Amino acid sequence: RKEVEQDPGPFNVPEGATVAFNCTYSNSASQSFFWYRQDCRKEPKLLMSVYSSGNEDGRFTAQLNRASQYISLLIRDSKLSDSATYLCVARSNDYKLSFGAGTTVTVRA
Amino acid sequence: EAGVTQFPSHSVIEKGQTVTLRCDPISGHDNLYWYRRVMGKEIKFLLHFVKESKQDESGMPNNRFLAERTGGTYSTLKVQPAELEDSGVYFCASSRAVGGTPLHFGNGTRLTVT
Numbered sequence: 414r415k416e417v418e419q420d421p422g423p424f425n426v427p428e429g430a431t432v433a434f435n436c437t438y439s440n441s442a443s444q445s446f447f448w449y450r451q452d453c454r455k456e457p458k459l460l461m462s463v464y465s466s467g468n469e470d471g472r473f474t475a476q477l478n479r480a481s482q483y484i485s486l487l488i489r490d491s492k493l494s495d496s497a498t499y500l501c502v503a504r505s506n507d508y509k510l511s512f513g514a515g516t517t518v519t520v521r522a
Numbered sequence: 085e086a087g088v089t090q091f092p093s094h095s096v097i098e099k100g101q102t103v104t105l106r107c108d109p110i111s112g113h114d115n116l117y118w119y120r121r122v123m124g125k126e127i128k129f130l131l132h133f134v135k136e137s138k139q140d141e142s143g144m145p146n147n148r149f150l151a152e153r154t155g156g157t158y159s160t161l162k163v164q165p166a167e168l169e170d171s172g173v174y175f176c177a178s179s180r181a182v183g184g185t186p187l188h189f190g191n192g193t194r195l196t197v198t
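Going down the list, the sequences are from chains W and U. Quick note: the first sequence uses this note's numbering, first residue 414, plus one each step. Quick note: the second sequence uses this note's numbering, first residue 85, plus one each step.
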């Protein structure tokens, strides 16, 4: 079983739309969670950390449900520049990162 | 500050040959990590250095892979002899503290074994 599972998409949305997707993690001992963004043939870059209380960073909202081992990301007012692959990441207490395979989002004009 | 740099960006080698990948972390970052993404799969942890010491190498696939970080600065990852299944993108990342956020990734080395 994969440690982090994501819907691969693709999610194809028009500019200005809201898009949401999620992931699940299998290791209940995971300590911290993140969303990374990866553009085509580029390195992953941290988008935001995910906290139990839920957190926002501009148009991005992340939620964590530890009981269900479920993490979500919502993007409001989508921009063309939001087109990318979004990687769900869990960090265990030995600081190793476990990545999901990524969710592809394409925002069209 | 300069980011994590990796060399080469691409490498195409034949099965059975040797390849050495290099990573220069951000200056002052004691923690250096190697990750790998094989085609169609998720990015997976290979190993973690703290300065020159291997903190965790549980993700190394087999003994054909050898990572070093002499002097605690740059790191090399050697694959000898390379096999077809070693093809993928090898990412290096660094952080100042263990588990530090964010983890800064390099652009990766795309390795193709034919």
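Worth double-checking, as some hints may not be accurate.
[Stated by the list, open to error] Sample of chain W residues lacking proximity to chain U, with all beta carbon distances greater than 12 Å (derived):
(1) GLN419
(2) VAL426
(3) GLY467
(4) THR519
[Claimed, not checked] These stretches of chain W come out as covered by chain U in the derived footprint (C-beta under 8 Å, 3 or more residues):
(5) 469-480
(6) 496-510
It is worth saying that the hints were derived from the structure and are not from the lab. Keep in mind it's a predicted model, so treat the numbers as computed, not measured. For each residue, glycine too, the CB sits at the ideal point set by N, CA and C.
Of the hints given before, which are not true for this structure? 1, 5
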